[in-house]
Structure formats: C-alpha cells, structure tokens
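Please model the complete structure; the sequences and the hints are all you need to start from.
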Amino acid sequence: DEKESDTEDSQPAGFTDDNAAWLKPSGTAPKRKLPLDDDESDDENDDDQEGDDDDDSDASSGEEESGSEEEGEGGDSDEEMGIEKKSKKLEKKQKKMLAEADKDMKLNMQETEKFVLPSGQEIEKEKSQPPDLQIIQSRIRDVIHVLSEFKTRREEGRDRSHYTDQLKRDLCTYYSYNEFMIEKMLNIFPIGEIVEVLEANEVNRPVTIRTNTLKTRRRDLAQALISRGVNLDPIGKWSKVGLVVYSSSIPLGATPEYLGGHYLLQGASSLLPVMTLAPQEGERILDMASAPGGKTSHIAAIMKNTGMVLANDANKDRTKAIVGNLHRLGITNTVVCSEDGRNLPNVMKGFDRVLLDAPCSGTGILSKDPEAKTRKDAQDIQRVTHLQKELIVAAIDCLDASSKTGGYLVYSTCSILPEENESVVNYILKKRHVKVVPTGLDFGEEGFVNYRENRYHPSLKLTRRYYPHTHNMDGFFVAKIKKLSNDIPGQEKKKKKEKS
Amino acid sequence: MRPLTPEETKAVFEKLSKYIGDNVKLLIDRSDGVYCFRLHNDRIYYVSEKIMKLAAHISRDHLISMGTCFGKFTKTKKFRLHITALDFLAPYCQHKIWLKSSAEQQFLYGHHVTKSGLGRITENTGKYQGVVVYSMSDLPLGFGVAAKATADCRHADPMNIVAFHQADIGEYIRAEDTLT
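These protein sequences, in sequence, are chains X and F. Per my numbering, the first sequence runs over residues 1279 to 1778. Per my numbering, the second sequence runs over residues 119 to 298.
Some hints could be false.
Claimed, not checked - Straight-line alpha carbon distances no greater than 27 Å define the calculated DSSO-like cross-link-like pairs of lysine-lysine that follow:
#1 X:K1598 to F:K193
#2 F:K233 to X:K1594
#3 X:K1598 to F:K196
#4 F:K133 to X:K1594
#5 X:K1682 to X:K1713
#6 F:K136 to F:K245
#7 F:K190 to F:K245
#8 X:K1493 to F:K143
#9 X:K1493 to F:K214
#10 F:K190 to X:K1682
#11 F:K168 to X:K1582
#12 F:K214 to F:K196
#13 F:K245 to F:K218
#14 X:K1598 to F:K190
#15 X:K1493 to F:K218
#16 F:K133 to F:K233
#17 F:K128 to F:K168
#18 X:K1709 to X:K1627
#19 X:K1518 to X:K1646
#20 X:K1493 to X:K1582
#21 X:K1518 to X:K1582
#22 X:K1598 to F:K171
#23 X:K1598 to F:K168
#24 F:K196 to X:K1627
#25 F:K193 to X:K1627
#26 F:K171 to X:K1582
#27 X:K1598 to F:K133
#28 X:K1462 to X:K1708
#29 F:K233 to F:K218
#30 X:K1582 to F:K143
#31 X:K1446 to X:K1760
#32 X:K1462 to X:K1667
#33 X:K1493 to F:K168
#34 X:K1493 to F:K190
#35 X:K1682 to X:K1760
#36 F:K136 to X:K1493
#37 F:K195 to X:K1598
#38 F:K171 to X:K1682
#39 F:K193 to X:K1594
#40 F:K128 to X:K1594
Everything labelled a hint here was simulated from the structure, so no lab data went into it. Being a predicted model, the structure only gives us computed values, none of them experimental.
Below, the structure is given as structure tokens:
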C-alpha cells in the first residue's frame, strides 16, 4: 500500500501506458492530507462526501484511510487517536444511513398497514357468500392489532364497538361458536389472549392415565407399558400417580394391565379436586356426582380401602360405569347409590369430606365436545347454575362441621365461566356458615374477585382456575370450603323465637 | 338388602370352595374387620359390617352396589360367580394355570384354553377342578375349570382344550352392563 500511494503521488500528470485516455490518476482529484496534519480537513472531506451517498467515494475514502494508516505508523498515540476518530466517524455515518433507511421503511409500512374495516355493504355481501377462511383469519389478526393500540391505529370515524363487533363476527365464523359463547369468552379473556384460547379449544389435550396405587406402583406400570410399546412420561412434579401418554401402538383401553385394574384413563385436571380434598384413612367421604367413577376410585385408593366412600350419581344408567370401574380397580370400601343429590341430606349426613364435581356447561372441555360451542345459550347456563347452587347447599348440609379430621367440601367444575364458579361459591358463603380455605395446589390462576359488575368475597382469591392454553389441561375450577358450624343461618332465629 | 338364607349360603360356599378349597373361612374371619355376605337384587355382595350398616340407610330402589359383588343368583336359584370376585379368589386359590403370552388374547376374548397356550399348571390338579388363570407375568386373567388332570395334560394334543373358560377380565369391557 505504501508503494501505491507513493506512485500515485509521483504521477499527478497522467499514466504513461495505454490506459491514459480513460484512467485518471487520483492526484487530479482534491488531494487528501495526511492524518497527522489535519484531522479536521479529513472531517471536512467526509462531511462533503456524506451528501453524495456514493458507494464508490466511500470505498475510495476507506482505501485511502487504510493507506494513510499504514504510512503514519511512526508516532503511536496521536495516530491511534486519529484512526479511532476516523473509524468512529465511519460508524456514525453508517448508523445514520441505517436509521434513515429504517425510517423510510417504517413510513412506507405505516402507510400501507392502516387497516380498513369493511363497510356495512361488504358485511352483507359476505354473509350471503360462503366464508373465505383465509381472509377472515387475517382480518381477525388485523382487528386485534388495531384494538391493542387503538388511539394510533384506528380508522377515522369508527368506534371501538365497530371493531369489536367485527371481531366477534369473524371469531364466530372461523371457530364455529355461537354469539353467546364468544361474548362469554371475550368477557373472561383479554383480546390479546383470545386467539390462543380458541386455538387451544380446537386441539385435544394429551391423553393421561392414573396409576392405581392399590395394585401397582407408577414405576412398575410405566415399565410394563413401555415394554408393550407405549410412549409415556410422568405427568409433572405435582402428581405422583399421573402419567402422560405421547403415543401408543396399542389401544390403551384394552391392555391386560388396564383390564387388571392397574390404571385408569383420566384427564389431568380430574386429579386436582381429589388432591385438594386430601382424604385421610378411615374417614367417611361422599362423592355427589361420581360417574364414571374416576375421582371416586382415586379417593378410595388414597384411603387404601379403609373408611367408607359413598358414590352417588343421579343418573342410574351411568352408575353401571361406576360399579364396573370400582370392581376392576379392586376397591372394596365404596357404596354406590343413585339418589337425587339435592335429597342426600335426608338419606345420610355426618360425612367428614364431600366432593362435588358439579354438572356444568362444559365450557372448559370444548375440545372434547365441539357441539357445545354452538348449543349453549343463556337459558342453559341459568338452569345449570340453579342446580349447582342447590347441590352445593345439600353438600354442605351433608358435612359434619364437628368432624375431628375434616369438615371440608371441594367444589369443582370443568367450566371457566364465573357464573358457574365464583358466583356459586359466593352464594354458599352467604347461605351457610362456611369459609374458603387454600386449595393446597401451588399452580393455577387465582379465582376472580371482581368480574364485570360482580364483587365477590375477597377469599375467592384462594380458589384456582385452569385453562387449556396455559396449563395444557382441560379448563377447570377448584374451590375448597370448610364448614364452620352445623347451624343454618335462617333457622337459628326460629329456634330463638321458639325458646322465647 | 338382607342376609343370606342357609340354602343360599350353602350354594355360595360350595361354589367358592371349588376354587379356594378350605380357605373360604379366611374370607369370613378376617383380621381387619368383620365381613359378611348380603343379598340385594339377586346379587351377592361381600362387604365389611361397618359399610353394610351405613348402606342400610339407603332405600332399596336407590342402592346400586356395595363393597364387592361376588356373583348373582339366576332365576333358577343357581349361583354364578362373576369376574368381579377374582381379587378374592386369586390369592387363596390352590390350583393355577399360567398362559403363554400368545394365548392371553384368546382367553381374554372368551375362548377356552388349548394345550398350545398352556405355560404351566400346578401339580395334582384334578379333572374339573376350579382353577385361576394367570399370565406369565403373574397377572390374574380370570378363572375356569380344568378339562384334564395335570398328568393327562402332558399327553394331550396341541389343539385339545385343557381348561374351560368361565370368566375373564376382558368382560369388564365386553359385558359391562351385566356387572350390575
């Protein structure tokens, strides 16, 4: 490089070979001074060249700078400073260019990205035609994008309600829900999460099985099943009996181990209420809605066939499934009956613990029952919540508050609607002397204390909610309630009146 | 629900002793509580007394099952043992048959056991003796009646039946309705 610069300096007039016609020596261009002399003049040169935006001039200035670096190697510190300054200048320049380019891109993007809501006419046209799912999907994404930063991204003259209405319509068509269900979903989940929730409801949760501890251990069962060709794993640290099955070459419901009662096919969320209930050996337990018997058998297994379990289900045909399951799993301490749950306090009272896995609308298990997406409406929900409230009162009346080891009720549903969950728990708090206690489950979302216009008792925070998209199990709600006294609030006053 | 009459008790114990011999008294005199047999809707239930007393509160129409159902009385008053009794027969029974893995599925579908599927058999099994059928991994699969004595089994053809099928755990899926 030193030679090059020397030769360039020594030939200012022109080249003496054939290329003289078109090749001009750099000496004719404005000369660049050495870095030692003038850092400022170099800066000036750079500033001049910035306006050019010419790659060639940049490259040549780069070359020149490298050449001059090598020339001036004699004096150290000054030159390093000079070199550093030069490279910093270059970097600054590059950054500025990049920033400008970015800004240009963004400006362009913003101009094209402004989302336009379809007009009334377009909506009518869409209704008459078969839906185009691609368009609807991209429109859902756009509307959510707009709603997340409404002030900056909105269209002029359109209200927030226009956007939300359009979103509801699109979600109904794309995921095949009816309007009532979509509204309920949007009431519970923020707009940013709604797509995740609905997508999770389309896919089935992984198959899970529970080891029957009366007949085998989880390790032995896992080994036996793996040797038959099942791909499985323990379900997580929170359960000692659960196994999740990834894939299986044989039908899980027909292996000799299944027939021998070593395990039971059960959803992961069904393990939670029994873990919360924590039955002790020798207690008297009631399971008010027990078909097909998964949770009942879990309770009996934890109690090791001691004590007594009363398994009730209002539907007589489904009690056959309970009997079959109990016998297969080797459970001997259970009595199965088919009474109306609301009538149970008249049949038998004085239980230590009660499990009420209430009949519900099933909004947490939509992946198993897609029809529920379109079938449910306000009347269904009202009917179900009325039944749940009656059942929970009966459950509390069956409990014995003075029980030495218990006095607990676990109320659970496979639904995510607060009308069926928090509202029912709130109702029983007012109707009887009870209180909500911690569930003992260390994961899961807390229950709602404020939901739209409702204000629930603050202890509702101790209940737990589970969602398919966050916990990869069916939507679920669990609450643990302790009975404080056997008296009934209304009837105390009657007794006092009679006495006086 | 009522206790068994003497005739019914005799029928049940006779059937049971075909499989477990004298160990029948172990079912009654248990160390961890008093157990008894009760009749409800023509079915025999084996329950501990504590549970039976609590189940007595439930009305006849609404009571479905209690403890373990051992079997039922047919319309002609004969006692038929169900697969649900297997958990109590298996530990006490004296004569056992082990099946090869290839013959497991056949038995679970309700077919009889042929010589080709026979893995092991206890010594001194008499002809028409009640036996409990196991898989090679010692999992009880059901029970049946030996068609040949142990000595005869050795000389039998591969296709000859060595044990008649009476009940197997596949019935939990095939015949779920008849369990109750």
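* Take a quick look at whether K1598 of chain X and K196 of chain F sit within 27 Å of each other, Cα to Cα. => 23 Å, holds
* For the pair supplied as a hint, K1518 of chain X and K1582 of chain X, confirm whether the alpha-carbon distance does not exceed 27 Å. => OK: K1518 of chain X and K1582 of chain X at ~15 Å, within 27 Å.
* 27 Å Cα cutoff - pair K1682 of chain X, K1713 of chain X -> This hinted pair holds, its Cα atoms lying about 17 Å apart.
* Is the Cα-Cα distance between K214 of chain F and K196 of chain F 27 Å or less? -> Holds, because 25 Å separates the two Cα atoms, which is no more than 27 Å.
* To do: Assess, step by step, whether the Cα of K233 of chain F is no farther than 27 Å from the Cα of K1594 of chain X, and give holds or violated.
  => Violated: K233 of chain F and K1594 of chain X sit about 43 Å apart, past 27 Å.
* Asked: Going straight from one Cα to the other, do K168 of chain F and K1582 of chain X come out at no more than 27 Å?
  -> 16 Å, holds
* Agreement of K1462 of chain X and K1667 of chain X with the hint, judged by alpha carbon distance not exceeding 27 Å -> OK: K1462 of chain X and K1667 of chain X at ~20 Å, within 27 Å.
* Holds or violated: are the alpha carbons of K1598 of chain X and K171 of chain F at most 27 Å from each other? -> At roughly 22 Å apart (the allowed maximum being 27 Å), K171 of chain F and K1598 of chain X satisfy the hint.
* For the pair supplied as a hint, K1462 of chain X and K1708 of chain X, is the alpha-carbon distance within the 27 Å limit? -> Between K1462 of chain X and K1708 of chain X the Cα gap is close to 26 Å, so the pair holds against 27 Å.
* Below or equal to 27 Å on CA atoms is what counts here, so check K128 of chain F against K1594 of chain X. => Given pair K128 of chain F, K1594 of chain X is violated - Cα atoms ~32 Å apart, limit 27 Å.
* For the pair supplied as a hint, K193 of chain F and K1594 of chain X, is the alpha-carbon distance within the 27 Å limit? -> The hint holds at about 23 Å.
* For the pair supplied as a hint, K1598 of chain X and K190 of chain F, is the alpha-carbon distance within the 27 Å limit? -> At roughly 16 Å apart (the allowed maximum being 27 Å), K190 of chain F and K1598 of chain X satisfy the hint.
Of the numbered hints stated above, those contradicted by the structure are hints 2, 4, 10, 24, 25, 31 and 40, listed in ascending order.
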